[in-house]
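Everything in the sequence shown is counted per the UniProt record's numbering, starting at 1 for the first residue and increasing by one.
Derived by calculation from the structure, the hints in this document are not laboratory data. We put the CB at the ideal spot given by N, CA and C, even for glycine. Mixed in with the good hints, there may be bad ones.
[Unchecked claim] Just the calculated beta-carbon pair ranges, DEER-fashion:
no.: 1; residue 1: 141; residue 2: 178; range: 16 to 22 Å
no.: 2; residue 1: 99; residue 2: 211; range: 15 to 21 Å
no.: 3; residue 1: 27; residue 2: 220; range: 20 to 26 Å
[Said to hold, decoys possible] Here are the simulated lysine to aspartate or glutamate pairs, EDC-like style, with alpha carbons at most 16 Å apart:
no.: 4; residue 1: 65; residue 2: 147
no.: 5; residue 1: 105; residue 2: 86
no.: 6; residue 1: 183; residue 2: 129
no.: 7; residue 1: 205; residue 2: 123
no.: 8; residue 1: 104; residue 2: 129
no.: 9; residue 1: 105; residue 2: 92
no.: 10; residue 1: 189; residue 2: 129
no.: 11; residue 1: 183; residue 2: 166
no.: 12; residue 1: 183; residue 2: 117
no.: 13; residue 1: 205; residue 2: 117
no.: 14; residue 1: 189; residue 2: 97
no.: 15; residue 1: 105; residue 2: 129
no.: 16; residue 1: 104; residue 2: 87
no.: 17; residue 1: 189; residue 2: 86
no.: 18; residue 1: 104; residue 2: 123
no.: 19; residue 1: 179; residue 2: 123
no.: 20; residue 1: 33; residue 2: 166
no.: 21; residue 1: 104; residue 2: 92
no.: 22; residue 1: 115; residue 2: 92
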Amino acid sequence: MKKSFLLLFFVNIFARSYAQQHLYELNAVSFFKLQEVNSPIIPSNPDYELLDAAIFQATNEQRLKFGLNPFIFSASLYQASSGHSEDMIRQDFYGHDNPYTLSKKHFYDRVFLQKGEFAEMAENIAQQDFLNISGRFCYTPATAGRDFVFYNCDTGRIIPVLTYLELARTVVAGWMDSKPHRKNILNPKLQYIGCSGRLCRNPLKSALSHFGRFTQDFGGRL
Numbered sequence: 001m002k003k004s005f006l007l008l009f010f011v012n013i014f015a016r017s018y019a020q021q022h023l024y025e026l027n028a029v030s031f032f033k034l035q036e037v038n039s040p041i042i043p044s045n046p047d048y049e050l051l052d053a054a055i056f057q058a059t060n061e062q063r064l065k066f067g068l069n070p071f072i073f074s075a076s077l078y079q080a081s082s083g084h085s086e087d088m089i090r091q092d093f094y095g096h097d098n099p100y101t102l103s104k105k106h107f108y109d110r111v112f113l114q115k116g117e118f119a120e121m122a123e124n125i126a127q128q129d130f131l132n133i134s135g136r137f138c139y140t141p142a143t144a145g146r147d148f149v150f151y152n153c154d155t156g157r158i159i160p161v162l163t164y165l166e167l168a169r170t171v172v173a174g175w176m177d178s179k180p181h182r183k184n185i186l187n188p189k190l191q192y193i194g195c196s197g198r199l200c201r202n203p204l205k206s207a208l209s210h211f212g213r214f215t216q217d218f219g220g221r222l
């Protein structure tokens, strides 16, 4: 029984790793045609592997648009990135520096913890709604364990949750609209990247719980 459990556990981990690798091997055009990428995120049960890959692909979409080589996925940068996004949600802070864990205070500390070795490094972070909000919004409070319902105050239309593709492109567009963040994305000396996003705790259970926090960690080698 124990051997069977261990074998099943190993198979599941291998299958997940293979599936994740496949998402990064696709080019952006093929990736964004996937049905699951164009499906709305389920806030209570998001597919973070899919979301993280979508941010990676949306970032490379911009690199190619400006005639640059696409970023190469880095496992160490990904672990540093995903760890920071998780910490920002779990420890409830927003910033490049982790004020609660000294060993992970600076972004380069987090990269070094994951055995990343780069001559040049950088980091982008963002906070973004996962609802398709434009203009004024109102909400109906949750009842009997249900989620808050958000709607446009003027039209009364319910505000939908973004798809993985929409959220990834929205986050990357925000970075591209900011000069220092854009500079990191378009820096040809940075060839490696790890991207991640994590949704807030108890999403849609309060008037303010409709956001995620996102991290990009970059690395360049001589």
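Starting from the hint list further up, note which numbers the structure goes against and sort them upward. Per hint list: 1, 4, 6, 7, 8, 10, 11, 12, 13, 14, 15, 17, 22 violated.
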